[in-house]
Structure formats: C-alpha cells, structure tokens
Amino acid sequence: MNKHLIALLVLLIIAIAGWAYNVNYNTLTTIDRVKDLRAQIADEREAIQVLRVEWAYLNAPDRLAQLVEENNDSLQLAPMTPDALQEVAVVPFLKPGETLSEQLVGEPSERVIGGFPIPAARPAGIQF
Amino acid sequence: MAEKAQKRDPISRTESRGNWRLILLMACFVACYGAVGVRMGLLAATDPAEPPFERDGGANRPARAEIVDRSGHLLAGNLPAWSLYANPREIKDPVAVATALDPIFPEIDQATLHRKLSSNRSFVWIKRPVTPRERQAVHDLGFPGVFFGNREMRIYPAGAATAHIVGGVKAATEAVNYAEFTGAGGLEQHFNERLSDRMQAAEPLQLSLDLAVQQGVRDELRIGMERLTARGASAILMKAKTGEIVSMVSLPDFDPNERPQLWRGEAAYNPRFNRAAQGRYELGSTFKVLTAAMALDAGVATSNTIIKTPPSLRYGRHTIGESHRMDPEMPLEDVVVRSSNVGSARIAMMVGTRRFKSYLDRLGFFDPSGVELSEAARAKTLMPDYWTDLSTMTISFGHGLAASPVHLAASYATLANDGTRVFPSLVKGGIPTGKQVLSQKTAREMLRIMREVVVRGTAKRANVPGYEVGGKTGTAEKVGPGGYDKNRVIATFASVFPASAPEFVLIVSLDEPTDRSGRKPVRGAGRTAVPVAASIIRRVAPILGLRPLQEGDGASVAAVDVTTE
Numbered sequence: 001m002n003k004h005l006i007a008l009l010v011l012l013i014i015a016i017a018g019w020a021y022n023v024n025y026n027t028l029t030t031i032d033r034v035k036d037l038r039a040q041i042a043d044e045r046e047a048i049q050v051l052r053v054e055w056a057y058l059n060a061p062d063r064l065a066q067l068v069e070e071n072n073d074s075l076q077l078a079p080m081t082p083d084a085l086q087e088v089a090v091v092p093f094l095k096p097g098e099t100l101s102e103q104l105v106g107e108p109s110e111r112v113i114g115g116f117p118i119p120a121a122r123p124a125g126i127q128f
Numbered sequence: 129m130a131e132k133a134q135k136r137d138p139i140s141r142t143e144s145r146g147n148w149r150l151i152l153l154m155a156c157f158v159a160c161y162g163a164v165g166v167r168m169g170l171l172a173a174t175d176p177a178e179p180p181f182e183r184d185g186g187a188n189r190p191a192r193a194e195i196v197d198r199s200g201h202l203l204a205g206n207l208p209a210w211s212l213y214a215n216p217r218e219i220k221d222p223v224a225v226a227t228a229l230d231p232i233f234p235e236i237d238q239a240t241l242h243r244k245l246s247s248n249r250s251f252v253w254i255k256r257p258v259t260p261r262e263r264q265a266v267h268d269l270g271f272p273g274v275f276f277g278n279r280e281m282r283i284y285p286a287g288a289a290t291a292h293i294v295g296g297v298k299a300a301t302e303a304v305n306y307a308e309f310t311g312a313g314g315l316e317q318h319f320n321e322r323l324s325d326r327m328q329a330a331e332p333l334q335l336s337l338d339l340a341v342q343q344g345v346r347d348e349l350r351i352g353m354e355r356l357t358a359r360g361a362s363a364i365l366m367k368a369k370t371g372e373i374v375s376m377v378s379l380p381d382f383d384p385n386e387r388p389q390l391w392r393g394e395a396a397y398n399p400r401f402n403r404a405a406q407g408r409y410e411l412g413s414t415f416k417v418l419t420a421a422m423a424l425d426a427g428v429a430t431s432n433t434i435i436k437t438p439p440s441l442r443y444g445r446h447t448i449g450e451s452h453r454m455d456p457e458m459p460l461e462d463v464v465v466r467s468s469n470v471g472s473a474r475i476a477m478m479v480g481t482r483r484f485k486s487y488l489d490r491l492g493f494f495d496p497s498g499v500e501l502s503e504a505a506r507a508k509t510l511m512p513d514y515w516t517d518l519s520t521m522t523i524s525f526g527h528g529l530a531a532s533p534v535h536l537a538a539s540y541a542t543l544a545n546d547g548t549r550v551f552p553s554l555v556k557g558g559i560p561t562g563k564q565v566l567s568q569k570t571a572r573e574m575l576r577i578m579r580e581v582v583v584r585g586t587a588k589r590a591n592v593p594g595y596e597v598g599g600k601t602g603t604a605e606k607v608g609p610g611g612y613d614k615n616r617v618i619a620t621f622a623s624v625f626p627a628s629a630p631e632f633v634l635i636v637s638l639d640e641p642t643d644r645s646g647r648k649p650v651r652g653a654g655r656t657a658v659p660v661a662a663s664i665i666r667r668v669a670p671i672l673g674l675r676p677l678q679e680g681d682g683a684s685v686a687a688v689d690v691t692t693e
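Sequences listed follow chains A and B, in order. Going by the working numbering, the first sequence wraps up at 128, each residue one higher than the last. Going by the working numbering, the second sequence wraps up at 693, each residue one higher than the last.
Okay, chain A solo, but in the shape it has when bound:
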C-alpha cells in the first residue's frame, strides 16, 4: 500500500512539474508577446502622431489659401459673406418619393430648387 502511495505521489509530482514547466514557458512567451505588442503600439502611436501633425500641416490655413487660389479655375471658392447665411428651413429638402433627377432640369447654372440655385457639381477628377 505504501508502494502504491509513493508511486502515486511520484506521478503527481511529475504531473505538477510538467504543469509548472508549461505555465512558466507560457508566461515567458506571453511576456515576449506583450513586449512585441508594446513596441508595436509605440510604433503605431508614433505613426499616428506623425500623421496627425502632417494632417494639421496639410490643413494649415496658408497652404489651403494657396491651394484655393491655384485651383481657382475649377473650385471658384470665395470667402463667406454675411448674406451667405440662411435658415435651415429654407433648404429645399426633397419631399418623400421625390428624386433629385426630377429637379435637375436645364443647364447646371440654371438649376434651381425652391428659388435657390443648386451648387455646381464637384469638378471631375476630384475624389474624396
């Protein structure tokens, strides 16, 4: 009976040792993975930071003003004037069942809904 008990205990020890070994190495690989992920996060953060700054730089007021001027032929933008403000209520929203194509008759410059001219279509070749 003693022998059985000893054999059982030895097996138990082997099993526990195996389990401990496994857990140990799992932990180490996990730590490695965390390290990698952290490095990756750091890189991504840095990339985000660079992109944010670049976005702000590309949207710098002076640069935008210059681009608007250079592309004046196709954009034809002008600074907003006080008479450009209107109530939301006057916007000629489509009625249920109505489609925009029904409203678009005639030359683009003559298209009018409810007394208001429709903005010109986006110039060809510009994607958003």
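Simulated from the structure, these hints should not be mistaken for lab results. In this text, a Cβ means the ideal position worked out from N, Cα and C, and glycines have one as well. Some clues are possibly wrong.
Computed Cβ-Cβ distance ranges for the label pairs, DEER-style [unchecked claim]: (1) L94(A) / R322(B): 44 to 54 Å; (2) V583(B) / M80(A): 23 to 33 Å; (3) R322(B) / V23(A): 45 to 55 Å; (4) V23(A) / R145(B): 49 to 59 Å; (5) L94(A) / P231(B): 34 to 44 Å.
Listed next, the stretches of chain B that the computed footprint assigns to chain A, with coverage defined by at least 3 CB atoms under 8 Å from CB atoms of chain A [unchecked claim]: (6) 217 to 227; (7) 287 to 300; (8) 312 to 318; (9) 575 to 586; (10) 589 to 596; (11) 666 to 673.
Dock chain B against chain A, hints included.
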C-alpha cells in the same frame, strides 16, 4: 527490564528528538509551500494587470503637451525627429564628408563644418533636428563616424497664423538622443510648467483662439495693410462677455518653425514683436469713450450736458487744439461722436484727476494686461511720472499714455459687458469677470453713443449692414525727432458689435497708414483703420456664426458658440 529500559533510553530519546526535527522540517515545508500556494492562488484569482515594464521607459508618451485651438486644430505638436552628430576621430576624410553634406544642409556653413569635422574631439553636433528626408539622404551617403540620435521636435503646423501666440521653445538640456524643451516666448513660455508637466502631457492646452477666424482676420488685415502701405498692423477680436480672445494678429509676422533670430532694423518692426500684446501705443481718441463713460458714471454729466468746445484750450503754457473744425458748443454725446479734444479735456476736468486715475486703474490700465503670453507680462502701460491735471486732459483724448491694444480691448469689453470688468485671456473659457467698474446704465448709454459714432460720426465706413457696429476711431500722431509728426500716425478703431446685444469687441490698429485713393493722402483712422475693421467684420462674422440682422428684426441677433470645422 529496568536495565534494558535504561539501555534503550538514550536511543528512544534520540528517536523522539529525531521525530521532533522531522515535524519541524515538515512544518517549515508546509509553511513555505503554503505561502507559495496562497500567493499563486491570489494571483490566479485577481484580474490580470499589465506588467509594469515598457519598451522604452514610457518615452512614447508625449514629452510636451500639445496646444490646440478652440475647436481642436493643432497649433503646436511634437514630431519624432533625429539629431545628427559625428565622431571626428572616426572620419577619415573630413573634406569629402563636408562636401557631401553641403547639398543636404545648404544652411550649414561649409568651412565651419569642415573645421568641426577635422577637430580632435570625439563628438560634434552637425545638425538638430533632422527631418526624415534629410536623414535618408545622409544614410545614403554611408559615411562612417556620422550618427543619428532620437529626439523630438516641436512643430507649429498652423505656421505664421499663430506665430506670435504660440511663441517657441529652445532646448534646455540635450543629449544625443533626447532634448528637453523649455518655452522661449509666447504661450510656450507662459505655460512652460503646465506644458512640460508629465502628468498633464497627454492633455492638450486648449485656447480660446479660432484658427479659421484667425486666418480671416489676418488675411483682411494684411490686405488692408498693403493697400494703405502701413508698416505694421494688429487686430484683436475678443468675446465681450468672457474676454476670450478669438483672434489676435500682429503683422508683420514670421514662421514659428524657423524663428528668425537676428533683427537689425528698428525694434518696433521686428516680425517677432507682438504688436497686439507687447506693443504700447498712444491709442488716441479711442480714450474719449472711456472719459465720457467716467463722466456719466460719476454723475457729473449726462449725454445731453452741453460742453463748450472752443477751437483751442489754453492750460498754463500748453494749448490743446482740434484736428478739424468744431461747433463752439455741443452735447457730451457729440464730443464723442465728432471727436473733440477740447470737449474731452473739459469732461476729464469735470471728472477730476483723482477719479480719472481711479477709473483707469479699475479698467486695468495700470497693470499688465494679464493675457497669457510671456511678452505681455512685461508690457506695462507707459504714463507720466508726475500726473498733473494737464496729463489728465491729454490722456482723456489718448495722448500721454501708451497702452497695449489688449488693454484697450479689455476696457471696451468691460463696457460691452454692462460695466463688469473683463479680463483678456487666450485660454478657452477665459478668466471669470471681476467687479462692476461702471454702472450698467452708463455702459449701455456708451454703447448707444458708440453706435452713433458709426451712424453719423467719424466711423461711417464701419457700418456693416446687419451687424450694428459701434465704436470709436483714434488717430495718434507718432513722436518723431521734433515732437509729434503729422505724417506718421497710429490709426486705431475700437469697436463693439452688435451694439444692442454686444457679442464681440474688435480692435484694429495700423502703424503709419496712408490712404492715397483720393486726391490728397489721408491718414485719419476713419479712412484707414475703419474700412479695414469693416472688411474684417464682414469676413469673420459669418464664421463666428453671427447672423446679420434683417430690416425690422428685433434687437436680437442669433449667435452660436464659436466653432468651425
């Protein structure tokens, strides 16, 4: 038996001692393993937390907080960059290296670089910071002895538009792979502690400034300045109720990413000089509004009180004259509307020097303006050492006292805020308003008179339809070698709009403007600063969300919080 027992006794004693030891040992083991077991159990039971180590000791956190405008546009940010340095002892051919680096860094003097690289030291800086493109170019050369270190770089994406406000940084301590910045001018210096505090580094500093409005104001001011061949210009747009500065422009300006270091010209025309917060100018007749307000508030006059306005007023050896013909007498209202120096001096005397000074003090003219720029703290109002009654008389129409345009903006905002003191601020939310300086009745009456100035007085060109502009012009002659110089003036227009329900205060100031569109050159503010202010209002009011009043509308103007995308 007894003998046997006696014989076995030492053995049994040893045995029992051995048992005792075993038990002790077992207890030890149980305690140890028990402790380990309990600890493991605890670890398994608790929620997993991130292990407290980081790849680079937390260096991926921003070193310095960002600065953003009121709607979140980046005004000052950080960019990972590199520093370029060399070990001259490892460089075989300094001439070749210097020559090869020259096209990449044309701004570095080649002779200096050559001298640096052929020195006997083991470390010399070549350039910092280095952009990614320059880094690649140097990499492609592949010279030994040239190295890169990591470091951050402070960048101002909005460029010249906010140059005077953000200020700049300089490296306080630096090594090969890091640089710690400290503010050098502007907000960067004023808020240095807040911006460099690691605990708050992740949270950007949000300003009251609106970048879109700033650009609009700057654009219109530049156009006006060029048209009128002015040497400099400044504009401040402030929220009347809170003192939040929505736009502050000073021209000429500069690119804060390449701060010009040396300026050999006149200090007043250094592009780095902030005319709006740092410059102090005699603000001319814009002070008449304050003088009249004091008289109303002190109860010594009403807007209908008749003031005698002879062509000139003698005081001791001094004579106060007018710039244009005046009626011999007029009500107080018209002294402001028609801008009479003599009338204003008489009103100031009615108020009295002591009260006059006390009002100016409570309006904030005797302290630094408090706007959060390092330069502003040093811009104390210039005034006479010995303040006589004559000083009061000349200061009543803006001569003899030089204050910054921010001071003027804050005093007009106080008027627009029903007389409760407004403190100028560049931070979103502003500074809480202070004490009641002038009565509400006085403040409202002054706004009505300021509106009259635009409707029938010296500032007719500011009458932008729908915005009820009210204000006061000021033309101050500059001091030249032989006293005041008639041909060189500072033209200022201080305005509030809409006058019936004030939302914004706008100060426009031009340095030596001349309108040459007519037969004779004109320098007065009514033909220079006023039209520029009008074009600024026309340009930015829609961006500010201010809807123009239609004919027949009530006194209300729909105003929404300033936000632009």
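Going through the hints against the structure:
1. L94(A) / R322(B): 44 to 54 Å: holds (51 Å)
2. V583(B) / M80(A): 23 to 33 Å: holds (26 Å)
3. R322(B) / V23(A): 45 to 55 Å: Holds - the Cβ-Cβ distance for R322(B) and V23(A), about 47 Å, lies within 45 to 55 Å.
4. V23(A) / R145(B): 49 to 59 Å: Because 40 Å falls outside the window, the suggested range is violated.
5. L94(A) / P231(B): 34 to 44 Å: Violated - the Cβ-Cβ distance for L94(A) and P231(B), about 60 Å, lies outside 34 to 44 Å.
6. 217 to 227: violated (count 0)
7. 287 to 300: holds (count 3)
8. 312 to 318: That given contact is violated, which follows from only 0 residues of the segment 312 to 318 of chain B lying within Cβ reach (below 8 Å) of chain A.
9. 575 to 586: violated (count 0)
10. 589 to 596: Coverage by chain A holds for the segment 589 to 596 of chain B (4 residues, Cβ < 8 Å).
11. 666 to 673: Per the Cβ count (5), the hint holds.
Taken one by one, the earlier hints fail for this structure at numbers 4, 5, 6, 8, 9, listed in ascending order.
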